[in-house]
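Chains as they are written, first to last, in our numbering: chain W, 311 to 550; chain R, -12 to 583.
It should be emphasised that the hints constitute simulated quantities derived from the structure, not laboratory data. Errors might be hidden in some of the hints.
What the hints assert, rightly or not - Straight-line distance between alpha carbons at most 30 angstroms, and here's what the computed DSBU-like set of lysine-lysine pairs gives: (1) 330/W x 520/R; (2) 376/W x 544/R; (3) 544/R x 350/W; (4) 344/W x 330/W; (5) 513/R x 544/R; (6) 350/W x 513/R; (7) 9/R x 344/W; (8) 427/W x 9/R; (9) 428/W x 9/R; (10) 520/W x 344/W; (11) 422/W x 327/W; (12) 502/W x 9/R; (13) 9/R x 422/W; (14) 502/W x 427/W.
To be verified - Only part of the chain R face toward chain W is listed, based on derived beta-carbon distances under 10 angstroms: (15) 2; (16) 5; (17) 189; (18) 191; (19) 196; (20) 199; (21) 201; (22) 214; (23) 218; (24) 338; (25) 341; (26) 393; (27) 576; (28) 578.
For glycine and all other residues, C-beta sits at the position ideal for the given N, C-alpha and C.
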Amino acid sequence: MEESSSTEPITIPPHIKGNKGVAADWSSDQKAFKGVPWGKAMMWIFLVSDTFVFSIFLISYMTVRKSTKVEWPNASEVFALHVGHVSVPLLLIAIMTFILITSSGTMAMAVKYGYEKKRIPCAILILITAIFGASFVGMQAFEWTKLIQEGVRPWDNPFGAPQFGAVFFMVTGFHGTHVTIGVIFLFIMARKVWRGDFDTGRRGFFTSQKSDYEAIEIMGLYWHFVDLVWVFIFAFFYLW
Amino acid sequence: MVPDNLDEAVNKSNSVPDLEVKPQDLYHANSFITRWIFCQDAKVIGIQYSLTAIAIGLVAMVLSWMMRLQLGFPETFSFLGPAEYYQFVTMHGMIMVIYLLTALFLGGFGNFLIPLMVGARDMVFPYVNMISFWIYFLAVLILVASFFVPGGPTGAGWTLYPPQAITQGTPGSGWGIVLMLISLSVFVVGFTMGGLNYVITILQARTRGMTLMRMPLTVWGIFTATVLALFAFPALIVSCIMMTLDSLLGTSFFMPTMVELGEKLEYGGGSPILFQHLFWFFGHPEVYIVALPAFGIVSDLISVHARKNIFGYRMMVWAIVFIGALSFIVWAHHMYVSGMNPWFGFFFATTTLIIAVPTAIKVYNWVLTLWRGNIRLTLPMLFALAFIVTFVNGGITGLFLGNVIVDVPLSDTYFVVAHFHMVMGIAPVLVVFGAIYHWFPLITGRYLHEGMGQFHFWVSFLGSYAIYFPMHYLGFIGVPRRYYEMYNSEFIPTSAEGLNQFITIAALTVGFAQIVFLYNIIVSSKFGKLAGKNPWQACSLEWQTPDVPPGHGNFGKELPVVYRWAYDFSVPGAKEDFIPQNVAPNEVPEAKAEQT
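Generate coordinates for the entire structure from the input sequences, incorporating the hints supplied.
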């Protein structure tokens, strides 16, 4: 192919430690983040941008919580589940959080097996991560259903300030969308790994580009980010 | 500190650094659709972006003519009522700022120039880049659709302040505003895809020898603006989502308890000021998203056409970065009259005025680049010079408005209109024109017609002064902006009437010059004078491609290796007055200047 005629080997320059290394990398040619593949750098910058999105959601939530004159509902009562005749606060959320954090662990293991090029365990772990993610979304759907049945609406709710329902549905919905997108990509990724696309250099259906086991780490970055965001949502919605 | 060995490897010697970026696997289109419509070549995507942006920009221009006709000759035209006037104000502002200038500078010039200037084959993810354009196109379609829905487009002003944006009485408070908000959200999604590409291409896909401090300032401007956009647009998309929910689902994020037509609304407990904060947290960086690429491009135009290296290159780079960083902590100077703690006003006035320092550095450096240069008064140079004048003018009125005490009486008058049109309307648009005259020979292989270009320049430059200079005076005598009609108000002297007529005539004349410009583009792309390779004798890489216009993959068989910065003009001892970036030191042994 004409454009990729260069046969010279790719080198990663020796790493210099500390601040001097950072200065050397940024004043060098070709790459500012030495040895970092394009996709990974791009995912990091995207995540910084997405951090702004979620930060602004949470700041807006805090602002309307302060601006409304009606009292804010008590989270531990609203989000309680009845087990037998006992009301257990935050039971469902605890399970959801536990599952999502666990899925981060399986994702990390999938990345490890990916870099070791162990195809089958890697694919299985990605699949497990995806199933954990899907069950998280499922439980969120259950939680939404329960709240809607109790009369919580985006514009009104029986527990207190109408902004409670608005912010709750908007922010958990936005996070849930992130998880859902992640789950879809995890299933696609599991299939690719299982089929051995990253070993055979099979080209992507849409992009017609070859991919690599790096893709799993990039997927992992996104997944860990979604988990981390949940930790903040958990703290600000359910514990405050 | 940079270690010495790196200095030797990259800066001083003729040796070629090791290859760190793997050769890019380009997508080879083999049908008309994949080559020209869903094209993955950044240059074609750039042109697609530019043409779409210019097309929607023409709509904004026509809207401004309508507004001017109404203001200059009230009660003469029957086709324009107060509702339409507000709708036109809103759509004109939104289109110009977002859909024209942002898309043209970053999507258009960014896509076309970044890979060529940093020596890459294409953007790092061409497929994502292609999707980015089509999502932008969708956003434009949604925007245009709002003209045809019941109630028409929104008339809330381009700032879309709630609660008035979604309450009855504001034109387009039903369909119009919702389509506007959806269109903006879609725009942000599309832009993010492109913006990530621009940033990573610049950071991670430069050619050998291309250090960050050897990049042309155009790339620095676009890069910093893209980073700003990636961090500022989240505020826009989140506020759009919340206002859409307020409008469609009846939530009260931004809506306080209020009475409309004697009836208490369902809303209550929200914070309209929250929207203003979010909007301006996006809105102020947005000013620099438009201005920084213009700063970068104009630096290159001045340097090339004055045959002189840019004065204070490092200062220029740091000024761009510093302005970008500061732009995130000045947003509330748009909200002085919304009411705020005086200490906040003090803080935001201070940070605002500090921005004048790096900006002044840039202006001085442009002027010092001209000083004793071998100035060629080509069309791009004329536009660049006009930019300096209009930018200084608009910048100085910015100092007035940045001060709380001076801003309060001037707020919402024509002084503000004059200020922001001068500084982020006329000045960047002049750079757009200059850039088009400069890079047109690279895109098409032909010059734009000189005579029509001169006409376009003088009418646009002097005409825009004729439009906006009197507006400062209108502002001082207290003429409020956004008013459909004002002559029955006693506080407005009759002198405003004649002035408004004069402005309207000037505006229509300038508009006519733009039609000439468009005609010039269309005719010259087919019949213009052939330009050949590197017609302006520039040093930067985009002019050093083997083919003009550059083909798919930009640089033929081998990527260029860069040995110097983009500004080696008039080097003492050298035979020619420019040394392109990819010329090795041993090819020009007579050049005496230090390698940079």
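| query | Does residue 422/W lie within 30 angstroms of residue 9/R when you go C-alpha to C-alpha? | reply | holds, 24 angstroms
| task | Have a go at the residue 393/R hint: is there a Cβ in chain W nearer than 10 angstroms to its own Cβ? | result | violated, 30 angstroms
| field | Restraint check for residue 9/R with residue 344/W, where alpha carbons must lie at most 30 angstroms apart | value | holds, 13 angstroms
| field | Pair hint outcome, residue 376/W versus residue 544/R [Cα-Cα no greater than 30 angstroms] | value | Violated, at about 62 angstroms.
| message | Against the 30 angstroms threshold, does the CA-CA distance of residue 502/W and residue 427/W hold or violate the hint? | response | holds, 13 angstroms
| message | residue 330/W and residue 520/R were given as a pair; does the straight-line alpha-carbon distance stay at or below 30 angstroms? | response | Violated, at roughly 41 angstroms.
| task | Given the hint that residue 428/W pairs with residue 9/R, test it: the Cα-Cα distance must not exceed 30 angstroms. | result | holds, 25 angstroms
| With a cut-off of 10 angstroms, does the beta carbon of residue 199/R approach a beta carbon of chain W closely enough for the hint to hold? | holds, 6 angstroms
| message | For the restraint on residue 189/R, tell me whether the closest CB of chain W is nearer than 10 angstroms. | response | Constraint on residue 189/R satisfied, holds at 9 angstroms.
| Hint check: 10 angstroms Cβ-Cβ cutoff, residue 201/R to chain W | This interface hint holds because 8 angstroms falls under the 10 angstroms limit.
| field | Interface hint outcome for residue 338/R [beta carbon to chain W under 10 angstroms] | value | Violated. Min distance 19 angstroms.
| said: With the threshold set at 30 angstroms, check whether the alpha-carbon distance from residue 422/W to residue 327/W stays at or below it. | reply: The given pair, whose Cα atoms are some 25 angstroms apart, holds under the 30 angstroms limit.
In summary, the numbered hints that this structure violates are 1, 2, 6, 15, 24, 25, 26, 27 and 28.
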